[in-house]
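Chains C and F supply the protein sequences, listed in that same order. As numbered in full-length UniProt numbering, the first sequence has no gaps in its residue numbers, which increase by one up to the final residue, 349. As numbered in full-length UniProt numbering, the second sequence has no gaps in its residue numbers, which increase by one up to the final residue, 533.
Keep in mind that the hints were calculated from the coordinates and are not lab data. Since the model is a prediction, treat every value here as computed from it, not as a measurement. Check the hints yourself; a few may be wrong.
To be verified - A short, non-exhaustive set of chain C residues, derived as facing chain F with CB atoms under 8 angstroms:
1) R213
2) E219
3) A222
4) R231
To be verified - Partial selection, computed: residues in chain F whose CB lies under 7 angstroms from chain C:
5) M385
6) Q388
7) L393
As the list claims (entries may be wrong) - Here are a few chain F residues that sit away from chain C, every Cβ distance over 12 angstroms (derived from the structure):
8) S121
9) G307
10) D511
Cβ coordinates follow ideal geometry from the N, Cα and C atoms, glycine included.
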Amino acid sequence: MSSPEPRARAVARLIAGTPAVVSLVGALLLTTLVMLAVGVDPGLAYPALLRGAFMDGNLEYTLAAYVPTLGMAVAFAIPFRAGEFNLGGDGQLALGGITAAALALSTGGAGSFVLPLIGAALAGALLAALSAPLHTRLGIPAIVSTLLLSVPAVSLASYLARFPLAEQGTGLAQTPLLPLAAHLPSLGASTYVTIGLPLVAVLTVLWLLADARTVPGYEIRALGANREFARYGGVRVSRLTALTLAAGGAFGGLVGGLIVLGAPYRFVDGALTAPGYTFTAIAAVLLAAGRPLAVPVTVALLTILQAGGQGMEREAGVPSQLTQIVQGLIIVIVAVAAVAKARPSRRPA
Amino acid sequence: MSVPAVELVGITKRFGDVTANDGVDLAVERGEVHAVVGENGAGKSTLMSILYGLHPPDAGHVLRAGTRLRLRSPADAIAHGLGMVHQRFRLFPGLSVAENVVLGAEPMRRGVLDRAAARRSVADLAERYGLDVDPGARIGDLPVGTRQRVEILKALYRRAEVLILDEPTAVLTPGEAAGLFRMVRELAAEGVSVLLVTHKLDEVLAAGDRVTVLRGGRVTGRFPTAGTSADDLVRAMIGRSLATAPTTAKKPPATTGALPTAKKPPATTGVPPTAKKPPAIAGGAPYRLEVRDLRVRDRDGVAAVGGVSFSVRPGEIVGIAGVAGSGQRELVDVMTGLRRAHSGTVLLDGRPVGGARDRRVAYVPGDRAGRATAPDMSLADNLLMGDQRGFLLGPGRVRGRAAALVERFSIRAASVRAPIAQLSGGNAQKAVLARELSRDTPVLVVEEPTQGVDVGAQEQIHALLAAARDAGRAVLLQSSELSELRALADRVLVMFEGRLTADLPVAEATDERLGAAMTGATGVRRPAGESTE
Chain C
1 MSSPEPRARA VARLIAGTPA VVSLVGALLL TTLVMLAVGV DPGLAYPALL
51 RGAFMDGNLE YTLAAYVPTL GMAVAFAIPF RAGEFNLGGD GQLALGGITA
101 AALALSTGGA GSFVLPLIGA ALAGALLAAL SAPLHTRLGI PAIVSTLLLS
151 VPAVSLASYL ARFPLAEQGT GLAQTPLLPL AAHLPSLGAS TYVTIGLPLV
201 AVLTVLWLLA DARTVPGYEI RALGANREFA RYGGVRVSRL TALTLAAGGA
251 FGGLVGGLIV LGAPYRFVDG ALTAPGYTFT AIAAVLLAAG RPLAVPVTVA
301 LLTILQAGGQ GMEREAGVPS QLTQIVQGLI IVIVAVAAVA KARPSRRPA
Chain F
1 MSVPAVELVG ITKRFGDVTA NDGVDLAVER GEVHAVVGEN GAGKSTLMSI
51 LYGLHPPDAG HVLRAGTRLR LRSPADAIAH GLGMVHQRFR LFPGLSVAEN
101 VVLGAEPMRR GVLDRAAARR SVADLAERYG LDVDPGARIG DLPVGTRQRV
151 EILKALYRRA EVLILDEPTA VLTPGEAAGL FRMVRELAAE GVSVLLVTHK
201 LDEVLAAGDR VTVLRGGRVT GRFPTAGTSA DDLVRAMIGR SLATAPTTAK
251 KPPATTGALP TAKKPPATTG VPPTAKKPPA IAGGAPYRLE VRDLRVRDRD
301 GVAAVGGVSF SVRPGEIVGI AGVAGSGQRE LVDVMTGLRR AHSGTVLLDG
351 RPVGGARDRR VAYVPGDRAG RATAPDMSLA DNLLMGDQRG FLLGPGRVRG
401 RAAALVERFS IRAASVRAPI AQLSGGNAQK AVLARELSRD TPVLVVEEPT
451 QGVDVGAQEQ IHALLAAARD AGRAVLLQSS ELSELRALAD RVLVMFEGRL
501 TADLPVAEAT DERLGAAMTG ATGVRRPAGE STE
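One chain only, chain C, in its complex shape (with noise of 0.2 angstroms):
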């Protein structure tokens, strides 16, 4: 400690040995042989990796693509903190986003933007507190029924997107463009870039703050850490399970209404889903390891790999897929490490 040498060493080791750090690194060495595997140059590809994220006006996807993995990643980690697992992100997704829509084209674009997004993030939280009562009073974990309601959950957005909500005479399954006063405002030049970061950026924030500084916060960690000695301490387990589902839950529909009012302004069926922002997300929360504040982080890596990668495809000839492999293989070594963690504190009973 006297010394600042063994004390920045400490430093240094803490770091390389946080699973974030180990699990990206092993990760990266993985990739960097399956690349020499299929004969594709590293040199090559990684720089055209970052290339595909930053440079030649990419780095307006990168940042499109932020916004939504962001949103979603908050939306599995509150409640995750609290020991239960959102993985119902797409259905709260396109319930959300197929609700934004509705709300738009009933007003009129009367309510603005503002109207369609709190409807929004109320379906997401509505569909996400569902898992609450099947946990606490019927013993279904939340990891599975949230998965499960999920399911229904898209297939009504879709069946609402193809029917009622329809564009007539196209015969996509798309509802009609939007009114204008609906649509999110553009921040500066960018189409694709909307006040959705700022306000996303916002309610990350408070997040983190309501983590670390609020009565709730310190519930919800509590809860996560020991479930038994929160409730001894008094709190009520079942409500702030429930609670914090919810919050999950307007998370994703939030992300949901913010990707329908931007560009092309219209709920698209299947278009919320398919990119996988919900899983991207839980891989990030994952890779982030139980520490709130390295969340913004974890997720802007994974983004700047995914977006990177179809700048890899174009110039290095790497299918794109490999960062679909680099990401799979994070959420192994992050679970390996937290298995081993485990294993020498097992004791007989």
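Once you've looked at the hints, dock chain F against the given chain C.
Just chain F now, with coordinates in the frame of chain C:
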């Protein structure tokens, strides 16, 4: 005497700092029912896990019919004729009895399970040992007692000659338990050796031939059941040293000045306990805590607490004694609001306790890692629980509050930000006590306050409890250490099978009277002539 069917020699097993078994010797003859008794945490389960190949011992070995065994897994143990029925059954509810029994050693015909052969052999086996089970029945449709029979059949099907039953009656109704013991005697008559692990003494005396008593990982007694009384067993279970402990109340010395010990007036030391209370809240004061005809059923519908009534006055420590598993846990759960009673009430200053955790009750749980703390959270976060109110929670305020408690209760911790799991047992316990005492509640409920705590911390904890009493709180102290109860309590209640069997002023709480009450007052004695050998 012939070679024992199975023999454990000098078994020692440590988990970290905890020595679960310390040089344990145990021999079981062929056709003998051998009971292993001891309180929770005495090392029974660890010993049986070693015998069943679940853990390798650190020292010592296992002999089977005189041959030394190397047990690396339960599969090894099964191959050597050992079988175990666990407390929680390991059966597939959707499969039939026969399918469950033959699982892992199925009779095959042309590569598929021969169901007819399976049913036949299971039926034969059941008949041979007099176990009444329908091989075709689906496990999910069977009552618990029958499922246990299936577990026993499973072991016998694998040719078990030594059968370990771990707390077999924990899940059974009294009628089913009686059936189990008849069955155990029949198995023994067929030459099967049975190891019966339990902490219920009437069972031991009813069904066992010999008894080995464990306490703190060591053997503290070996008895033939014939001519042995429950009192003898209790004495071995709770420790011989207690017999020499003085029967008069002796309060611990008020220790270091750093502790918030409101020193008791010197005049009160040594006088009978009724006179110990400060005059302002003496005898005539209304009861703080009243428990009226409380009944609690556990998950399986068995009565855990069956009609308990008592009261605690302000400035009084009431102790609860009893062999572990006599309903103390459930009683405390109801009194703190963490469990619903089936019937009856708990009144605190006249108003009922219930629903969720009652903030008027400070509570120091016995299960430190499972309930009293979240081991991975910081000391500061652990010290906060129960006192989180309002909405905003500045990290500076949380840490400042924690630092103040650390200082006041002289808790030794590197940092309030470090996980509480890094603290020693004594310091973690002091932290829990600090948290609970920091709220000014009328009632304090404490479970096993000094379990796994070093001697120095023990004294400090006792002083803190005495100080809480002197401050006029009503204190309920559940402990398995009779010396602790005698040192602190004004009255001692004894629980046995969910009922109160004694309510003694501490001066009358002698080993003999407590021991008798802990075994159901009657002191079940088995006449020597009734031996089954």
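A quick look at each hint next to the structure:
no., hint, in the structure
1, R213, "6 angstroms, holds"
2, E219, "7 angstroms, holds"
3, A222, "6 angstroms, holds"
4, R231, "7 angstroms, holds"
5, M385, "4 angstroms, holds"
6, Q388, "5 angstroms, holds"
7, L393, "5 angstroms, holds"
8, S121, "33 angstroms, holds"
9, G307, "26 angstroms, holds"
10, D511, "31 angstroms, holds"
Violation of the numbered hints given earlier is absent; every hint is satisfied by the structure.
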